[in-house]
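J.: Guided by the hints, dock chain B onto chain A, whose structure is given.
2 protein chains.
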Amino acid sequence: MLFGIATKKDDDWWIGVTNPDTPHLSKYESLMFQGNGYLGIRGSLEEHYLNEKRDMFILGTFDKFKKEATELPNLPDIVNIEITVNGKSLSLNHGETTNYQRGLNLKNGEIIRAFDWKKGPDKLHFEFRRFVSMANCHLFVSEVKITPISDTVRLQIKSGIDGQQTNGGTQHFIEGNKRLFNARFVQMQTQTQNSLVKFALTEYHRLFLNETELTLNPRLQIERRQVFANYSIDVEKDQCLTFVKYANVFCSSDKDLKDNVSEDCLHQLEHVGRETYQKLLANSTKAWAEKIWNNSCVEISSHNNKPQIAVNYAQYQLVANVPCDYSKNIGAKGMTGEGYKGHAFWDTEIFMMPFFRLNIPSYAHNLLIYRYLNLIGAQKKAHQGGYKGAQYPWEAAMPEDAESAPLWGSADIITGEPMKILSGSTEIHVTSDVAFGVYQYIKNTGDYAFAKRMGYEIILQCAQFWASRVTWNSVKNSFEILDVIGPDEYKEHADNNAFTNYMAHWCMRKGAEVITDLRQNDLLTYNHLNKKFNLKQLVKELIEKASMMYLPEPNGDGIIPQDDNYLSYKKINVNKYRMSDSTSEIFKDFDLKQLDKIQVTKQADVLLLLLLFEGNFSKKIIKKNWDYYEPKTIHDSSLSFSTHAILANDIGLYGKAFDYFEKNCQIDLGTNMNSSVKGVHMAGLAGTWKIVIEGFGGVRLVKDGLQIQPHIPSTWKSLKYSFVWKGIKINVLVTHGCFSVVADGKIKFISHKHVYYAEPDEKILIETKV
Amino acid sequence: MLFGIATKKDDDWWIGVTNPDTPHLSKYESLMFQGNGYLGIRGSLEEHYLNEKRDMFILGTFDKFKKEATELPNLPDIVNIEITVNGKSLSLNHGETTNYQRGLNLKNGEIIRAFDWKKGPDKLHFEFRRFVSMANCHLFVSEVKITPISDTVRLQIKSGIDGQQTNGGTQHFIEGNKRLFNARFVQMQTQTQNSLVKFALTEYHRLFLNETELTLNPRLQIERRQVFANYSIDVEKDQCLTFVKYANVFCSSDKDLKDNVSEDCLHQLEHVGRETYQKLLANSTKAWAEKIWNNSCVEISSHNNKPQIAVNYAQYQLVANVPCDYSKNIGAKGMTGEGYKGHAFWDTEIFMMPFFRLNIPSYAHNLLIYRYLNLIGAQKKAHQGGYKGAQYPWEAAMPEDAESAPLWGSADIITGEPMKILSGSTEIHVTSDVAFGVYQYIKNTGDYAFAKRMGYEIILQCAQFWASRVTWNSVKNSFEILDVIGPDEYKEHADNNAFTNYMAHWCMRKGAEVITDLRQNDLLTYNHLNKKFNLKQLVKELIEKASMMYLPEPNGDGIIPQDDNYLSYKKINVNKYRMSDSTSEIFKDFDLKQLDKIQVTKQADVLLLLLLFEGNFSKKIIKKNWDYYEPKTIHDSSLSFSTHAILANDIGLYGKAFDYFEKNCQIDLGTNMNSSVKGVHMAGLAGTWKIVIEGFGGVRLVKDGLQIQPHIPSTWKSLKYSFVWKGIKINVLVTHGCFSVVADGKIKFISHKHVYYAEPDEKILIETKV
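Protein sequences, first through last, are from chains A and B.
For the record, in the first sequence the residue sitting at position 508 is 508 according to the UniProt record's numbering, with numbers rising by one throughout.
For the record, in the second sequence the residue sitting at position 445 is 445 according to the UniProt record's numbering, with numbers rising by one throughout.
Next comes chain A alone, as it looks inside the complex (with noise of 0.2 Å):
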C-alpha cells in the first residue's frame, strides 16, 4: 500500500513528514488537520511558505457573500510564529535543514516538528508542538523549542492574530478592535459581513530561557487585520528558549457564552495560560480516549501496519469533525480544507454514520437532530419546488437553509461558457438518503426516545415529499421519477434512475410501516405526529405509490438499467480515466451534455443500491451487474472505492475487495499530492473504517438485525474490532479460519443465514466460510 506520506514500523498512530518537502505543504496542510468538533485548523506551517492554505473554522458559522454560496468563513490566522535568526527568516527553503521530521499523534492529535538548520553560520535546533484542545473546545496550544547550537544569537518572534485570511478570496470579516490588553494579551475582535456572528481571538504568550520563565513584554504591531506580538532575546549556545502560544476563540453562537465573546475569550485565556503546554496537552489526550480510544477498537494484524494506520488516521478525522453539539453537521471535507463549504451532503448519512452509530452513537444522535432541525430548511425547498413533506437539500449548511448549493461551476471545454450545477436541483435521492440514516440508527441503537420524537417524523416527512414527487406514467401504469441526478453525476437529466427509485420507494414503504406500527402499538406518537400529518390519508397514499411505484427489474441480461437510456448509451474505453489519478479527467475530453450520452458512470450506482438492499438480490444478480457496471465506473469521486470493496468482498471478489480498499486508502494518504489540497475526503475515510468493519469485519444491519459475516484478506493475520448493538459492546475476532463474537449483554445475530445467541460474556466462535 503506497502512502504519499510518512508512516512508521512501529508506530500505528503516526503519520508525517521527514523531509519538508514544500512544495506540496496543501496536502499535509489537510492531512495533518486538527480539529475537537468546534474548531478545526489547517496543518499549516507555523512559517510562510508561497502554497500554503491557513484555514481555520469553527463550525456552524456560516456566512453568505452576496451570491456566492453559504460556507464556514475563514477565520484570522493564530498558528503563525515568524522566528528571525541574526535577521534572517527561518524557512525550510533557505539554509539547510537536516534531521527534519514533522508528524500527527493520532492519539491526540499533538503535531510534533524538530529538526537543525544552519543558515550562514548559525545552527540551531527547533522543536514545534501544537495541539488543539479537546478537552477545551476554544483552545489552541502551540510551543517552540529553540536551542542554539553554534553560538549566541539574537531571536526576534513575531506571533499573532492575521485576519488578512480569505476564503479563495472571499473575506467574510467585517475588521473590529485590534489591541493589548495588560500588556501581554492580544486581542482581536471580527463579525462576519452577513450572518453577524461575533469573533473575538486572544493571544497569549510565555518565554522561558531554561526552566526560567522571562518577563519580556512584546511590542504591539498592528497592521491592517492584523496583530501581532514581538520578542527579541538573544540566547547563547546550548541555551533553550522556549516560547508558548496560548490561543482562543470565543463566537457569539457559542453555547457556552457567558459575558461576551471578548471578555470570555480574555477571562478564559489568562485563566489557562497559568498551566503548563504538557498540562493542557494532558487534558487534550485525556478528553480524546474518553471521545473515542476506549470506546472502539479495530486491530488489524498484517504484513505492514498501512491497514492500521489507515483505519486509525480514518477515525481520527471523523472524530476531530463530528460536531459536538447537534445544531451542525460534517462537512463533506469536515473542517479541513475549503472544498464544498463546509457543507454536509448524503455523505453523512450513508457513508460516514455507520461509523458513528456503531461507535459513539452520541454523535450519531447529534448528526440526526441536526436533520430535524434542517427539516426546517427542507419543508422550505419541498415548498419552492411545489413538493409537499420535508425535500433535503443536495448541499446542507444552517439548519434553516433550504438549499446550501452552489448555481455555477467551471466553464463548458467547447461552450466556454459557465455550466449550471444542478445537483442542488435535481439530486433528490438525498431525502431517502436521510431517512435510511434515520431508520438505520433507530434499528442500530434501539433509541426509539429519539425514533417518537423525531425520527419517525422525518421519514414522514421524506416519505410524503416522495408521494408529491413521483408522476404518473399511463403507458407504465406506474408512478416513476423523472429527471434526477443519481449518484452517477454524469447523467444530468436521468428518467427513473434506479438507485432514486428504489430509495424513494423504500422511504414511501417505510412511512407507510411506521404509520402502521405506530396506530397499532404507540397511539401516543400517533396522535402526536397526526397533528402535523393527515396519517390516516397520507398511510393510504404512501401505501398506494409505492405499490404501484416503477422499480427497474434485472433485464434477460439480469442487468439493472442504472436509468431508462443508459444501458442504449455508447460505450467507450474509460481506462484512460479509470487509471486516471487526478479527478475530473473526463472533462478534459467530454464535456457534461456529452457524458449525457456515453455509458460511462462515475461512481457507484446501480452498485450502491445492490449494497444497500442487499437482501433483495441474488448474489447471481449482484454479479452480473457488477460485471456490467465496475468496468464502466471511472470513480471521480471519493465515494465509489468502498462501495465497490465491500460489495467485491461479499461476492468473493476478494482481491478485487483488497485492491478496493487500497484504492480507498490511498484517496488522502496515497501518493497523489493533489487530491487533497482542499481538505480530505471524510466519506472517503469513513469507507476506508467502512471497508475494514461492514466489509471485511462482515458487519451489517440487516433485514432481520444485526449480521456478522466476516472475510478479512489473506495478507491479514486477524482482525479484531468493537462495536456497539443497542447499547452493547461486541468484540469479534476474525482469522482466516474461524471468527469469536463476545458481547458484553445478551445478543442475537446471524451470520451465514445462522441464527446465534449470546449469554454476556460467553465467547461464540464461528467458522469463516468462504
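Read the hints as simulated data drawn from the structure, not as lab findings.
Keep in mind it's a predicted model, so treat the numbers as computed, not measured.
Take the hints with a grain of salt, since some may be wrong.
One copy or two, either will do: identical chains are not told apart, so a pair holds if it fits within one copy or between any two.
[Said to hold, decoys possible] Derived BS3-like pairs: lysine-lysine, alpha-carbon spacing no greater than 25 Å straight-line:
hint, residue 1, residue 2
1, 588, 158
2, 420, 198
3, 88, 678
4, 306, 118
5, 717, 729
6, 748, 576
7, 198, 66
8, 443, 632
9, 88, 588
10, 198, 67
T.: Frame of chain A, contents of chain B only:
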C-alpha cells in the same frame, strides 16, 4: 548618494536590480510600478513569491467596504505567468540563477528581466518584457522568451486572471462570469461590492516557436475567482519560445465605453491582439514622449548620474500616476501601493502641483477641476461641521465624498487601546492649501478662463469656510483658530498653529482681493458668482476677519511659535529618531498624548510657512527659525526634506541643502528596504523635482511674478532645465558662474530683486550670486 536599487553609469533612464533579491520584492514592486494615469500595476514578478504584494488599480474606482475607509480596490491580477520546466516551477528561490538583470526603462515604463536559470540538468535563458500602454489606457502587454540551453524541455505555461487578490485582506469584488471566448480569449467579469462599478478583464495569448506562430488553444482552468489558460509544449535546445500576453481591462465608469465592459474589452483585445509586442510598445513610447519628455527637460551634469536618475524617476512616477481625466486626483502613493488607499491629500497642491503647472499645465488643470468637482464633498464637510463654504477633506477620494480619512489607527503603546485618528476632523489647513494651489496655477499659467469658471469660486468657498471657522478672542482682541493639527501631526490639539493661521489669513485676504478685483474688472464673473455668494457681505466679512486675524509673530528671539504652547513644552534629545531609517520610531517610546507636550516636530511646519510666504519674512528671521526648528524636526514624513532642502539653499546652507536633497532622493530610491513597500511617496518624488527646479534652479512664483534665482550644488557642473510660464517655454542653463535664460516668447522675470525682460529667443546671461 546611496541607492537601494541598481543604476547604470551610462544610462540615466534605468533603475533595476542585478540579483533577484526576492526578500525585498515589495520595495521593487513599488519602485518599478507601471501606469498610465488610468491603470496602475505594481512591478510584481510574473511568478509568485511569498512576500509579493500584487496590486492593480484603476483610478477613481473607489469602493467602501463596510465601515472601512473608501479605497481603490485591488483588481484581479493579470501579471501572473507561471512557468514549469520539465515539471519544475520556475522560481528564483530555487535552482541556480545567473546573469540576472531586471530594470525599468524610465522613458517608456517597460520592465525588462533577463537571466539564465538552471534546475537539475535543465538550463534555460529567460527574457521577460512588459508595459502598461501610455497609448491605450486599457492595455497591458507582456512577452516572455524562453530558450533551452541544455536540452529539449517540456514547458508548461499558466497565465490568466487571478481575482483572489485583496486590499490587505479586504475583498471589494463580487465574482462575476469567468469564461472563454472563441477558444482563446479568457475573460473575467467582476463588480465592486458597494460602488457597483463593473469590470471586465480579458487575456489573449500568442505563442511563437522561433519566428513561427503556433496555433495552440489553451486548456482552460477555472478556480474560485480565477481563470487561467494553460499551454504545454516541447521546446528543443536553442529554439526560442515566445509567449505574448495581451491583457486589457474596462470598467463601467470609463468615458470611452461603447457597449458594455465585457464586449468592449473583448473587441478591443481581438483588435489589439493582431499587433506585435514591439509595435504596441512603440506606440506607448511615442505617447510617453508626447506626454512628458518632449515638454520637460532637466539635465544635471554631476560627478555621477544619481541626481539625474532621481529626477528622471520622479518625473516618471508623477506622469505615470497623474490622472488622464479631471474626475480623479493623485493619491499620496499614486497607484503604486495600498498605502493611503489611493486618497489625495494636500500633497497634490503643495508638493506635486508645481511640477505639473510648470511642465504640463493641462494635467494641473485637470487636478484643479477635480477640486472644483470636489466642492460638493467639501461643502458637505463644512456643513457637517457647522461651517459655511467649503472645507476640503483631509483625505479625498470621490469628488462627492465629504471626508475619506480613516477613523482608527494603531493601538496606543501605553493603554493598548486603538487610537482615534483626528486628521480627518482637525487637520484643516488643506482647505487653504487647495486655494493656494488654485492661485498659483492661475498666476503661473494665466489661465483666466479656468479662474472665472472654477478657480475663483474655489478660493471664495475656502475663504468663506475660514471666515466661519475662526473664533473671536476678546482678550487677544483678534480672531484665532483653535484645536487643529498643523503640518506637525504630533500636536493633535494645537491652538493657533502658525502655518494654519497664516494660510487661513492668506485665503481670506485672497478671497477679498478676488471679489474686489472682479467687481472692478469683470462684472460678468462677479454677477455669476454673486448668485452663489452674497459677495458684498462676504467681502466685508473677509476683510474684517483677515485684518483682525491673529498671526503669530516672531518673538524676542525671532522665533515664530509653532502654536500657542509649543515653545513652553519640554525638550528632548531627538537625534535617535532623526537618524532612524524607519518611520514612527518615536512611537516606540512615546504615545501621542506625550508627544503633544514635547518640543519635537514631525515635519517642516513653521519652516514650510516661511518657504510658502518667503516674501513676508527676512532672511534673518528664516535663519533663526531654521536654527530653532530644524534640530527638533525628525522628518517622520516624506514631505519634510524638500522644504528643508530648498530653505537651506535659500539661506546659504548649501551643504545642508544638498544633504537634504540626497535624503529626499533616498525616501524611495534609498537603501531602506521597508520605506516603500506600500507604495512610493508621490510628494517626496515631487519634492526631488522641486528641490532641483525650485531650489537649485531657483524658479519661484513670488508676489511680483516669476523669479529665477538659481544656486546649484558644488558637486554639480551645471543644471539645464525648461519650464512653461504663461504658455511660454523657458530654458535655463545654470553653472557656477552664471546662468542663462532663453524663452520662446516675451518674458519678464526677477532675479535677486532685479527685473529682467527678454524678447523671444533672446538669451539673458546673469551672474550667479552667492
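J.: 25 Å Cα cut-off: does residue 198 pair with residue 67 within a copy, between copies, both or neither?
T.: Classified as both; 22 Å inside a copy, 15 Å across copies.
J.: For the identical chains here, do residue 717 and residue 729 meet the 25 Å Cα criterion within one copy, between copies, both, or neither?
T.: within (23 Å within a copy, 97 Å between copies)
J.: Quick one: residue 748 to residue 576, C-alpha cut-off 25 Å, is that within a copy, between copies, both, or neither?
T.: Close neither inside one copy (47 Å) nor across copies (85 Å); limit 25 Å.
J.: How do residue 198 and residue 66 come out at 25 Å by Cα distance, when the copy is not named: within, between, both, or neither?
T.: Cα proximity of residue 198 and residue 66: in one copy and across copies (19 Å, 15 Å).
J.: Is it within, between, both, or neither for residue 443 and residue 632, if the alpha carbons may be no more than 25 Å apart?
T.: Intra 35 Å, inter 84 Å, cutoff 25 Å: neither.
J.: At most 25 Å between CA atoms: does that hold for residue 306 and residue 118 within a copy, between copies, both, or neither?
T.: For residue 306 and residue 118, neither the intra-copy (34 Å) nor the inter-copy (38 Å) Cα distance is at most 25 Å.
J.: I want to check one pair: residue 88 and residue 678. Are their C-alpha atoms no more than 25 Å apart within a copy, between two copies, both, or neither?
T.: between (31 Å within a copy, 22 Å between copies)
J.: 25 Å Cα cut-off: does residue 88 pair with residue 588 within a copy, between copies, both or neither?
T.: between (45 Å within a copy, 23 Å between copies)
J.: Pop the pair residue 420 and residue 198 into one bin, within, between, both or neither, using alpha-carbon distances up to 25 Å.
T.: between (34 Å within a copy, 22 Å between copies)
J.: Within a copy, between copies, both or neither: where do residue 588 and residue 158 come within 25 Å Cα-Cα?
T.: between (45 Å within a copy, 16 Å between copies)
Going through the hint list in order, the structure does not satisfy hints 4, 6, 8.
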